[in-house]
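J.: With the hints as constraints, model all of the structure from the sequences given.
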Amino acid sequence: MYAIIRDRGQQYRVEPGQTLQIALTDAEDGSTIEFNEVLMVGGSDTLVGSPLISGAVVKATVGEVVKGEKIIVFRYKAKARYRRRTGHRQKYTEITINDIVVPSK
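Its first residue numbered 33, the sequence shown is counted upward by one per residue in this note's numbering.
A couple of the hints might just be wrong.
Computed cross-link-like contacts, BS3-like style, restricted to lysine-lysine with a CA-CA straight-line distance of at most 25 Å [said to hold, decoys possible]: (1) Lys91 with Lys123; (2) Lys99 with Lys123; (3) Lys123 with Lys102.
Here are the in silico distance ranges between beta carbons for each label pair [to be verified]: (4) Gln42 with Gly87: 14 to 24 Å; (5) Lys111 with Arg38: 43 to 53 Å; (6) Arg107 with Asp77: 48 to 58 Å; (7) Val80 with Asn130: 44 to 54 Å; (8) Thr118 with Val80: 38 to 48 Å; (9) Lys109 with Arg38: 36 to 46 Å; (10) Pro135 with Gln42: 18 to 28 Å; (11) Thr78 with Tyr114: 51 to 61 Å.
If you're looking for bench data, these hints aren't it; they were derived computationally from the structure. We put the beta carbon where it would ideally sit given N, CA and C, even for glycine.
T.: In structure tokens, the structure reads:
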């Protein structure tokens with residue numbers, strides 16, 4: 033069974049037991065969070081929302097805060113001897129999907 037959830041403008045395909053990185057949240061390590069914006073639940077019986085499935089919830093456990101890959105930012109102005117090289121590493125929150133709860137028909 034899998035679900036497609038929406039979290040702050042991003043959509044994720046999740047399955048129970050899966051670990052993924054989402055945008056940084058202020059939840060504590062080990063706490064449980066719920067995603068109420070479930071767009072679709074698939075598997076043997078598929079449910080598609082319009083746009084959301086009412087009553088469907090995806091439960092996850094919050095892990096640690098991790099940093100993504102380094103992105104190089106290079107600013108350059110031609111003929112002016114202006115060159116600036118900086119880097120950026122975005123912070124993410126790791127979550128582990130525990131359960132997908134679907135309302136009964």
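J.: All hints, please: hold or fail.
T.: Now the hints, each set against the structure:
1. Lys91 with Lys123: Measuring from Cα to Cα gives roughly 22 Å; hence the hint holds.
2. Lys99 with Lys123: 4 Å, holds
3. Lys123 with Lys102: Holds, at roughly 11 Å.
4. Gln42 with Gly87: 14 to 24 Å: Given a distance of about 22 Å, which is inside 14 to 24 Å, the answer is holds.
5. Lys111 with Arg38: 43 to 53 Å: 47 Å, holds
6. Arg107 with Asp77: 48 to 58 Å: 53 Å, holds
7. Val80 with Asn130: 44 to 54 Å: 23 Å, violated
8. Thr118 with Val80: 38 to 48 Å: 44 Å, holds
9. Lys109 with Arg38: 36 to 46 Å: 40 Å, holds
10. Pro135 with Gln42: 18 to 28 Å: Since Pro135 and Gln42 have Cβ atoms about 24 Å apart, the given range 18 to 28 Å holds.
11. Thr78 with Tyr114: 51 to 61 Å: With a Cβ separation near 55 Å, Thr78 and Tyr114 satisfy 51 to 61 Å, so the hint holds.
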